[in-house]
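So the sequence lines, in the order shown, correspond to chains A and B.
So the number in the working numbering is just where the residue sits in the first sequence, counting from 1, plus 29.
So the number in the working numbering is just where the residue sits in the second sequence, counting from 1, plus 38.
Please keep in mind that the hints were generated in silico from the structure rather than gathered at the bench.
Certain hints may be false.
[Said to hold, decoys possible] Which residues of chain A face chain B? A few of them, derived with a C-beta cut under 8 Å, are:
| # | residue |
| --- | --- |
| 1 | LEU32 |
| 2 | LEU56 |
| 3 | CYS57 |
| 4 | THR105 |
| 5 | VAL152 |
| 6 | LEU189 |
| 7 | ILE193 |
| 8 | PHE213 |
| 9 | ALA216 |
| 10 | GLN224 |
Computed from a predicted structure; not experimentally measured.
Glycine included, C-beta positions come from ideal geometry on N, C-alpha and C.
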Amino acid sequence: MDLGQLLAIVIGAIFVSNFVLMRFLGLCPFVGVSKDSDSALGMGMAVIFVMTMASLVTWFVYNYVLVPLEITYLRTIAFILVIATLVQFVEMVIEKTSPALHKSLGIYLPLITTNCAVLGVAVVNVDSFMVTDLPRNASFIYTVVHGLSAGIGFTLALILMAAIRERLDLVDIPKSMRGIAITFIVAGLMAIAFQGFSGLKIG
Amino acid sequence: MKAMAELVKGIYTENPVFRLALGLCPALAVSTSVENALGMGAAATFVLVGSNIVISLLRKAIPAKVRIPCFIVVIASFVTIVELVMGAYLPELAKSLGIFIPLIVVNCIILGRAEAFASKHGLGLAVMDGIGMGIGFTFALVLIAAIRELLGNGTLFGYMVFGPQFQPMLLMILSPGAFVTIGLLMGYFNILDDKMRRKAKAAEAGGGGR
Numbered sequence: 030m031d032l033g034q035l036l037a038i039v040i041g042a043i044f045v046s047n048f049v050l051m052r053f054l055g056l057c058p059f060v061g062v063s064k065d066s067d068s069a070l071g072m073g074m075a076v077i078f079v080m081t082m083a084s085l086v087t088w089f090v091y092n093y094v095l096v097p098l099e100i101t102y103l104r105t106i107a108f109i110l111v112i113a114t115l116v117q118f119v120e121m122v123i124e125k126t127s128p129a130l131h132k133s134l135g136i137y138l139p140l141i142t143t144n145c146a147v148l149g150v151a152v153v154n155v156d157s158f159m160v161t162d163l164p165r166n167a168s169f170i171y172t173v174v175h176g177l178s179a180g181i182g183f184t185l186a187l188i189l190m191a192a193i194r195e196r197l198d199l200v201d202i203p204k205s206m207r208g209i210a211i212t213f214i215v216a217g218l219m220a221i222a223f224q225g226f227s228g229l230k231i232g
Numbered sequence: 039m040k041a042m043a044e045l046v047k048g049i050y051t052e053n054p055v056f057r058l059a060l061g062l063c064p065a066l067a068v069s070t071s072v073e074n075a076l077g078m079g080a081a082a083t084f085v086l087v088g089s090n091i092v093i094s095l096l097r098k099a100i101p102a103k104v105r106i107p108c109f110i111v112v113i114a115s116f117v118t119i120v121e122l123v124m125g126a127y128l129p130e131l132a133k134s135l136g137i138f139i140p141l142i143v144v145n146c147i148i149l150g151r152a153e154a155f156a157s158k159h160g161l162g163l164a165v166m167d168g169i170g171m172g173i174g175f176t177f178a179l180v181l182i183a184a185i186r187e188l189l190g191n192g193t194l195f196g197y198m199v200f201g202p203q204f205q206p207m208l209l210m211i212l213s214p215g216a217f218v219t220i221g222l223l224m225g226y227f228n229i230l231d232d233k234m235r236r237k238a239k240a241a242e243a244g245g246g247g248r
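Looking at chain A on its own, in the form it has when it is part of the complex (with noise of 0.2 Å):
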């Protein structure tokens, strides 16, 4: 483990291969949640929370469940039910100890389940830090690191593009374009600045 591949880690999923913007997951949250700032902050430490929270008990699943008993093709089946369990849970959680972060987050964390993106961080860690010959504690921690830095990035995508759309309210847009239409050209824009990452090497 050394710092700078976990630096790589960090900028490579925040900037250079940014969740929503290159890796296109978690688009309905994106095109659904951010007609608002202050929706699009809530909804983005909800995901930020339940992916390093996913990462963290996927890792423990695939290595001490699903490999010793040699049963990783079921990783998809254990994968959703693990974090269908986890967003429950920390929804009842949430609701008993701070009742005030409950009222704000409360809403988006049962569409959480459903978001692409947290699955899709947890299979992309099996990919790149388990099945790998990594060192246990380093495929941990860049795991836990990724999951982090992954909802980072779809937080930012998500309040940079919520800042936009409303400044697009006030504009005269041609009716058939109004609503998921623009958005996604205004996503292809915000794509092609993204692109400007993808030259990026660190480590």
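Start from chain A and add chain B according to the hints.
Okay, now just chain B, sitting in the frame of chain A:
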């Protein structure tokens, strides 16, 4: 006749991608070539029809409270079948579709049809609905992929279309091209829908006057 209507609605009036805005992630991610789009469409259609059949048969046995987890398990089983079969017989395609095969599990089209249709209707209609939605999804994917492959690579199914002098627009193959293509297509479908609705209204008004 009703079964036919269920089949057709998925393709155009309720097209999952352009009209309902569902299943956007795979629609954009795998539409870099027509071949990938067809592969993804076939995989999703198989899962859709399979899960619609099982859920429609089990609809009286599944308790309403835990129905979503039950649906997800059924869908995930079919996705695992696809994953293993594709890995064994079409390793090239499996490689280029990558993580979007396991991600069929969270494709909102499949869970959406299970919840909105298969759990409320009999086997025959559920199968037709699955096939129709599957074809609609595949049609959307192939349309996006054809535009992107043609402009971004100058090819269709890997064959050169424009001849060697053609300068490909690389951007169309990269992610911005996907976003812009689907944005413009959605706008176009909105115009078509608007026209059809106006025509239907005019016909109705004309019929009422007589």
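Hint-by-hint comparison with the structure:
no. : hint   : result
1   : LEU32  : 27 Å, violated
2   : LEU56  : 4 Å, holds
3   : CYS57  : 6 Å, holds
4   : THR105 : 4 Å, holds
5   : VAL152 : 5 Å, holds
6   : LEU189 : 14 Å, violated
7   : ILE193 : 13 Å, violated
8   : PHE213 : 3 Å, holds
9   : ALA216 : 4 Å, holds
10  : GLN224 : 6 Å, holds
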